[in-house]
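Chains as they are written, first to last, in full-length UniProt numbering: chain Y, 1 to 396; chain C, 1 to 396; chain V, 1 to 396.
Be aware that one or more of the hints could be misleading.
Identical chains blur together in the list; that is why a pair holds if it fits in one copy or across any two.
Stated by the list, open to error - Okay, derived cross-link-like pairs now, DMTMM-like style, lysine to aspartate or glutamate, Cα gap no bigger than 20 Å in a straight line:
1) Lys193 with Glu65
2) Lys334 with Glu192
3) Lys60 with Glu192
4) Lys264 with Glu192
5) Lys316 with Asp277
6) Lys264 with Asp289
7) Lys193 with Asp332
8) Lys362 with Asp332
9) Lys348 with Asp83
10) Lys195 with Glu65
11) Lys275 with Asp318
12) Lys273 with Asp83
13) Lys273 with Glu124
14) Lys316 with Asp160
15) Lys195 with Asp42
16) Lys275 with Asp332
17) Lys273 with Asp42
Think of the hints as simulated: they come from the structure by calculation, not from any bench.
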Amino acid sequence: MKKSLVALAALAVAGVASAQSSVTLFGVVDASISSYSSTSRDLHGATLLNPFYLNQGSVKVSRRELANSGYNSSRLGFRGTEDLGGGLAASFWLEAPIKNDDGSEGVATFNRRSTVSLSGGFGEVRLGRDYTPTFWNNTVFDPFGTNGVGTNLIQTAAGDFGHPTRASNTIGYFLPPNLGGFYGQLQYGFSEKTKYSPGLATPDVANNSRTGRNIAGRFGYANGPLDVAVAYGSSTVGDQFYVGTTTKINTLNLGASYDFGPVKLFGEVSKSKNKVDYEVTPFAGGRPDVDLTGYLLGVTVPVGAGLIRASYSHVKYDNNAPVVLFAPEVADPKANKLALGYVHNLSKRTALYATIARVSNKNGAALTVGGPAFISNAVFTPKNSTGYDFGIRHAF
Amino acid sequence: MKKSLVALAALAVAGVASAQSSVTLFGVVDASISSYSSTSRDLHGATLLNPFYLNQGSVKVSRRELANSGYNSSRLGFRGTEDLGGGLAASFWLEAPIKNDDGSEGVATFNRRSTVSLSGGFGEVRLGRDYTPTFWNNTVFDPFGTNGVGTNLIQTAAGDFGHPTRASNTIGYFLPPNLGGFYGQLQYGFSEKTKYSPGLATPDVANNSRTGRNIAGRFGYANGPLDVAVAYGSSTVGDQFYVGTTTKINTLNLGASYDFGPVKLFGEVSKSKNKVDYEVTPFAGGRPDVDLTGYLLGVTVPVGAGLIRASYSHVKYDNNAPVVLFAPEVADPKANKLALGYVHNLSKRTALYATIARVSNKNGAALTVGGPAFISNAVFTPKNSTGYDFGIRHAF
Amino acid sequence: MKKSLVALAALAVAGVASAQSSVTLFGVVDASISSYSSTSRDLHGATLLNPFYLNQGSVKVSRRELANSGYNSSRLGFRGTEDLGGGLAASFWLEAPIKNDDGSEGVATFNRRSTVSLSGGFGEVRLGRDYTPTFWNNTVFDPFGTNGVGTNLIQTAAGDFGHPTRASNTIGYFLPPNLGGFYGQLQYGFSEKTKYSPGLATPDVANNSRTGRNIAGRFGYANGPLDVAVAYGSSTVGDQFYVGTTTKINTLNLGASYDFGPVKLFGEVSKSKNKVDYEVTPFAGGRPDVDLTGYLLGVTVPVGAGLIRASYSHVKYDNNAPVVLFAPEVADPKANKLALGYVHNLSKRTALYATIARVSNKNGAALTVGGPAFISNAVFTPKNSTGYDFGIRHAF
Numbered sequence: 001m002k003k004s005l006v007a008l009a010a011l012a013v014a015g016v017a018s019a020q021s022s023v024t025l026f027g028v029v030d031a032s033i034s035s036y037s038s039t040s041r042d043l044h045g046a047t048l049l050n051p052f053y054l055n056q057g058s059v060k061v062s063r064r065e066l067a068n069s070g071y072n073s074s075r076l077g078f079r080g081t082e083d084l085g086g087g088l089a090a091s092f093w094l095e096a097p098i099k100n101d102d103g104s105e106g107v108a109t110f111n112r113r114s115t116v117s118l119s120g121g122f123g124e125v126r127l128g129r130d131y132t133p134t135f136w137n138n139t140v141f142d143p144f145g146t147n148g149v150g151t152n153l154i155q156t157a158a159g160d161f162g163h164p165t166r167a168s169n170t171i172g173y174f175l176p177p178n179l180g181g182f183y184g185q186l187q188y189g190f191s192e193k194t195k196y197s198p199g200l201a202t203p204d205v206a207n208n209s210r211t212g213r214n215i216a217g218r219f220g221y222a223n224g225p226l227d228v229a230v231a232y233g234s235s236t237v238g239d240q241f242y243v244g245t246t247t248k249i250n251t252l253n254l255g256a257s258y259d260f261g262p263v264k265l266f267g268e269v270s271k272s273k274n275k276v277d278y279e280v281t282p283f284a285g286g287r288p289d290v291d292l293t294g295y296l297l298g299v300t301v302p303v304g305a306g307l308i309r310a311s312y313s314h315v316k317y318d319n320n321a322p323v324v325l326f327a328p329e330v331a332d333p334k335a336n337k338l339a340l341g342y343v344h345n346l347s348k349r350t351a352l353y354a355t356i357a358r359v360s361n362k363n364g365a366a367l368t369v370g371g372p373a374f375i376s377n378a379v380f381t382p383k384n385s386t387g388y389d390f391g392i393r394h395a396f
Numbered sequence: 001m002k003k004s005l006v007a008l009a010a011l012a013v014a015g016v017a018s019a020q021s022s023v024t025l026f027g028v029v030d031a032s033i034s035s036y037s038s039t040s041r042d043l044h045g046a047t048l049l050n051p052f053y054l055n056q057g058s059v060k061v062s063r064r065e066l067a068n069s070g071y072n073s074s075r076l077g078f079r080g081t082e083d084l085g086g087g088l089a090a091s092f093w094l095e096a097p098i099k100n101d102d103g104s105e106g107v108a109t110f111n112r113r114s115t116v117s118l119s120g121g122f123g124e125v126r127l128g129r130d131y132t133p134t135f136w137n138n139t140v141f142d143p144f145g146t147n148g149v150g151t152n153l154i155q156t157a158a159g160d161f162g163h164p165t166r167a168s169n170t171i172g173y174f175l176p177p178n179l180g181g182f183y184g185q186l187q188y189g190f191s192e193k194t195k196y197s198p199g200l201a202t203p204d205v206a207n208n209s210r211t212g213r214n215i216a217g218r219f220g221y222a223n224g225p226l227d228v229a230v231a232y233g234s235s236t237v238g239d240q241f242y243v244g245t246t247t248k249i250n251t252l253n254l255g256a257s258y259d260f261g262p263v264k265l266f267g268e269v270s271k272s273k274n275k276v277d278y279e280v281t282p283f284a285g286g287r288p289d290v291d292l293t294g295y296l297l298g299v300t301v302p303v304g305a306g307l308i309r310a311s312y313s314h315v316k317y318d319n320n321a322p323v324v325l326f327a328p329e330v331a332d333p334k335a336n337k338l339a340l341g342y343v344h345n346l347s348k349r350t351a352l353y354a355t356i357a358r359v360s361n362k363n364g365a366a367l368t369v370g371g372p373a374f375i376s377n378a379v380f381t382p383k384n385s386t387g388y389d390f391g392i393r394h395a396f
Numbered sequence: 001m002k003k004s005l006v007a008l009a010a011l012a013v014a015g016v017a018s019a020q021s022s023v024t025l026f027g028v029v030d031a032s033i034s035s036y037s038s039t040s041r042d043l044h045g046a047t048l049l050n051p052f053y054l055n056q057g058s059v060k061v062s063r064r065e066l067a068n069s070g071y072n073s074s075r076l077g078f079r080g081t082e083d084l085g086g087g088l089a090a091s092f093w094l095e096a097p098i099k100n101d102d103g104s105e106g107v108a109t110f111n112r113r114s115t116v117s118l119s120g121g122f123g124e125v126r127l128g129r130d131y132t133p134t135f136w137n138n139t140v141f142d143p144f145g146t147n148g149v150g151t152n153l154i155q156t157a158a159g160d161f162g163h164p165t166r167a168s169n170t171i172g173y174f175l176p177p178n179l180g181g182f183y184g185q186l187q188y189g190f191s192e193k194t195k196y197s198p199g200l201a202t203p204d205v206a207n208n209s210r211t212g213r214n215i216a217g218r219f220g221y222a223n224g225p226l227d228v229a230v231a232y233g234s235s236t237v238g239d240q241f242y243v244g245t246t247t248k249i250n251t252l253n254l255g256a257s258y259d260f261g262p263v264k265l266f267g268e269v270s271k272s273k274n275k276v277d278y279e280v281t282p283f284a285g286g287r288p289d290v291d292l293t294g295y296l297l298g299v300t301v302p303v304g305a306g307l308i309r310a311s312y313s314h315v316k317y318d319n320n321a322p323v324v325l326f327a328p329e330v331a332d333p334k335a336n337k338l339a340l341g342y343v344h345n346l347s348k349r350t351a352l353y354a355t356i357a358r359v360s361n362k363n364g365a366a367l368t369v370g371g372p373a374f375i376s377n378a379v380f381t382p383k384n385s386t387g388y389d390f391g392i393r394h395a396f
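Build out the structure end to end from the sequences listed, making use of the hints.
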């Protein structure tokens with residue numbers, strides 16, 4: 001006898017009556033043979049700076065590994081929806097990242113997404129940990145979906161810059177789906193910091209801190225072959241009551257895709273600002289704003305059961321004052337990336353894929369395609385970085 | 001084709017033949033906007049004690065957050081039962097706590113409950129980690145089910161006092177369900193400490209330690225509108241061979257509820273004792289027993305699809321000697337709490353809820369409704385604490 | 001209405017179309033009352049070596065506990081297979097170890113096995129974390145399946161010796177099943193170490209390290225009552241560029257079983273070598289190879305719904321030079337073990353079991369049946385070790 005796995009509400013502790021319901025188990029297991037290699041700038045004349053290294057030329061750091069998530073992020077999740085009647089529905093989504101190459105991460109966290117929602121004609125109210133609106137533009141309009149060595153530089157640089165992919169403790173609102181192609185969302189993430197009133201005098205107390213607060217929104221239009229969306233997000237990444245500064249990462253981006261049939265084009269422009277607000281007078285050596293701007297151009301071409309993917313992305317850091325963020329250059333650091341790939345679908349759920357990518361840095365930018373970092377960034381700065389993924393993605 | 005998720009016994013390593021079976025996946029995703037605020041006693045004249053704070057009045061510490069488990073504990077679990085024939089059954093229950101507000105805890109542990117059982121006409125023998133019998137009285141007879149800001153003070157104080165909610169490595173026995181309303185359970189939890197024979201001379205060896213041992217039982221009667229139960233538990237929380245002391249937390253409680261229809265009444269009395277047994281002569285400054293007594297009165301009133309909930313709870317610490325546990329008071333510390341709430345059921349599985357609560361401390365008691373603690377309890381002691389939860393509970 | 005838990009491919013982020021599929025949830029919950037006891041050699045005249053202990057005789061260390069995995073390893077897993085047509089199939093297997101005695105480990109890792117496979121007429125290519133080929137012989141030809149106090153000494157000693165049970169980041173190949181009883185597999189596990197080119201001068205950099213690399217294979221023949229297999233594995237457990245040594249654990253083993261019907265016989269021979277390769281000249285005090293040899297004889301006898309199990313295993317350490325690995329003996333350390341057990345099957349999924357075992361050490365060998373270790377192995381060396389498991393195994 002073959003029985004089904006049924007989901008029952010179990011609230012024995014609370015004594016609440018239980019009801020039977022549906023739950024969807026889903027996941028992705030993606031594994032690839034991946035290789036990463038970065039070459040540093042030459043070190044001629046930099047001997048004194050270099051206790052680790054006797055050679056005066058450039059250094060190459062490389063690694064080959066069995067990796068996960070080269071095409072889609074490996075994951076395991078549980079989700080379900082309950083029809084409450086009258087157009088109202090309750091739903092949940094719990095999704096864990098998994099590391100299937102070495103098994104070191106199971107369903108230890110649901111930090112990919114963990115939400116509970118109430119939805120109806122008014123739209124959807126969603127509570128929990130969710131993707132940031134600005135991240136959606138980075139990934140939806142990237143032919144490589146921000147996975148593997150092909151990930152666009154806007155997303156790669158965003159990570160170091162402090163622009164979050166996800167936010168915890170959020171209240172989200174989503175427009176209903178029946179607006180003639182228009183869609184949108186708002187998101188507020190609590191900082192959850194303890195507040196003392198009156199404030200404490202001691203400097204090492206994170207008082208009145210807003211660190212962790214996220215405010216963001218995204219609005220778009222998708223109809224037929226066109227999809228276009230604009231997003232804005234402001235993340236408070238530092239808040240020091242004592243020195244009187246609040247640091248925010250503010251990001252504005254705009255992405256679009258158009259499916260011509262034989263080819264689909266992708267594009268995105270993005271600007272992030274590392275902004276310091278001074279509540280008192282700026283302290284000595286006060287750091288001015290830093291801007292990170294970038295753009296992305298992409299294309300996908302269906303070929304039978306396969307899909308060719310290509311993208312070019314570019315980022316630039318604007319240091320708006322003589323502050324040593326990327327010494328010793330004074331020119332603005334910048335980088336560009338070229339990625340090329342092919343996906344062969346064995347079915348809707350299973351695909352083989354191959355991607356190659358190369359990053360070129362200028363003026364001290366230090367981005368790579370992933371993989372190992374140099375031991376000391378102060379000495380070795382990656383000039384070029386290349387890599388490939390060759391793998392299989394299986395979804396369930 | 002829509003296939004079912006079927007559960008198959010998989011014992012490939014051991015070569016055991018496998019059989020198909022049913023498994024139930026269940027869970028709760030509960031999220032709330034919660035706020036906590038505690039006000040300390042005035043600090044007039046306490047300047048020297050207070051390096052953190054310049055003000056001489058009272059201090060308020062507060063936090064607002066997206067929280068989980070305000071109405072029911074967020075969880076995800078797997079359980080199933082196999083009919084072995086002849087009235088015998090085998091079953092398992094694996095239940096994980098989850099943190100859906102920030103996704104930081106997935107199915108990392110099964111420390112809510114993880115048991116395997118054999119049951120029949122004789123009752124049930126259950127092995128593993130399970131709730132303690134005394135906890136059942138605290139939660140079953142609390143209109144707020146020991147969740148959220150409404151949690152009764154007996155349970156709140158029990159945590160600090162060392163009275164466990166769950167016990168690991170237990171053997172449990174449960175009476176069969178056909179005893180005319182009578183029910184009962186016994187629980188023994190192994191300490192699992194290593195024993196040296198003969199004992200070692202070195203003092204820092206936890207030798208012959210019984211720390212972690214739990215012995216408990218609960219007996220009750222539930223028939224029609226009445227439910228009444230008494231429970232006793234003894235937990236060994238410290239055992240020092242070298243100084244010759246064994247510390248136990250012994251708890252005796254009695255709870256009851258009566259459902260009149262329009263209203264349901266709840267009540268509980270509880271007494272916990274922190275008891276130190278001296279195998280040798282008491283060392284200097286030996287600490288005498290400390291008692292924690294408490295009572296709870298509660299009521300729920302069904303209103304259509306909703307339920308009004310209210311409770312009043314009180315606890316008192318009896319310091320049986322001039323020992324400085326809650327300086328500088330000499331009178332017995334005590335606290336009381338008033339909680340009021342409303343639950344609106346959108347379905348059996350989904351509910352909206354709101355709860356407000358206030359704790360008042362006297363003579364140095366330092367209980368709160370939850371949320372942030374003061375930086376230094378030696379300086380700031382909470383006098384009053386208030387909080388609210390406003391959230392949604394979705395079960396599956 | 002009772003709905004099924006259905007599994008849907010969910011690739012919302014990547015925009016991939018999803019397909020419905022089947023997933024199998026499976027697991028084992030095994031709990032036992034287990035006891036372990038080890039007795040040390042006498043310490044007459046060893047006072048100076050013994051700051052912990054005043055007595056001059058032998059010391060006994062013991063523990064009784066509620067344990068897990070006495071008969072089969074407790075686990076929870078997800079797996080599934082997709083028919084890709086044309087004889088091709090994709091599949092995944094994610095299996096977590098669980099600790100059901102105290103609930104401390106849920107589905108935190110999938111480090112029992114986490115793989116994705118592509119299989120067809122050519123066999124199976126499997127990527128991820130998997131069992132090592134040499135481990136299969138240790139467990140398949142052990143009447144106790146390397147679980148509980150009955151685990152054979154080859155496997156017990158292998159753990160300390162560095163011979164891995166599983167390997168991460170592997171590419172595996174398995175022969176197809178239609179080869180007239182012949183079966184086989186090859187496994188390569190990436191070391192995933194970062195490589196610097198040219199190499200760095202600093203000694204504390206793990207440069208060009210091959211630590212973590214695994215290369216192994218297994219070939220066998222199973223037909224009717226006979227099953228026989230040979231396996232070889234080489235694991236690089238240390239690689240020091242600076243001192244110029246590479247340490248490998250190389251294991252060769254051969255196992256067989258023959259089912260006569262009333263009795264089934266088991267046997268295995270195994271040899272592991274801890275081998276140090278010197279790239280430069282051996283440093284002073286260079287350690288020669290150490291060998292670990294062992295054999296196992298086992299039998300199982302079906303008795304109605306039950307199964308009697310017995311095994312005898314023996315291991316010996318060959319120190320090929322006067323190196324102090326097991327002071328103060330100069331003779332080769334060796335140990336043997338006798339295990340006896342009975343399994344009573346209540347169903348295919350549920351069984352009660354009992355096992356007793358005893359290990360005897362000679363010449364400084366220090367193996368036990370499990371459980372607590374002595375505080376200081378330099379002082380206390382286990383001479384004899386006995387233990388029992390009495391438990392229940394429930395699979396789903």
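Checked hints:
no., hint, verdict
1, Lys193 with Glu65, "between (40 Å within a copy, 8 Å between copies)"
2, Lys334 with Glu192, "neither (36 Å within a copy, 30 Å between copies)"
3, Lys60 with Glu192, "between (44 Å within a copy, 16 Å between copies)"
4, Lys264 with Glu192, "neither (42 Å within a copy, 36 Å between copies)"
5, Lys316 with Asp277, "neither (23 Å within a copy, 49 Å between copies)"
6, Lys264 with Asp289, "neither (36 Å within a copy, 61 Å between copies)"
7, Lys193 with Asp332, "neither (36 Å within a copy, 33 Å between copies)"
8, Lys362 with Asp332, "within (8 Å within a copy, 63 Å between copies)"
9, Lys348 with Asp83, "between (28 Å within a copy, 12 Å between copies)"
10, Lys195 with Glu65, "between (46 Å within a copy, 12 Å between copies)"
11, Lys275 with Asp318, "within (12 Å within a copy, 55 Å between copies)"
12, Lys273 with Asp83, "neither (43 Å within a copy, 49 Å between copies)"
13, Lys273 with Glu124, "neither (30 Å within a copy, 50 Å between copies)"
14, Lys316 with Asp160, "within (13 Å within a copy, 52 Å between copies)"
15, Lys195 with Asp42, "between (50 Å within a copy, 18 Å between copies)"
16, Lys275 with Asp332, "within (18 Å within a copy, 53 Å between copies)"
17, Lys273 with Asp42, "neither (31 Å within a copy, 44 Å between copies)"
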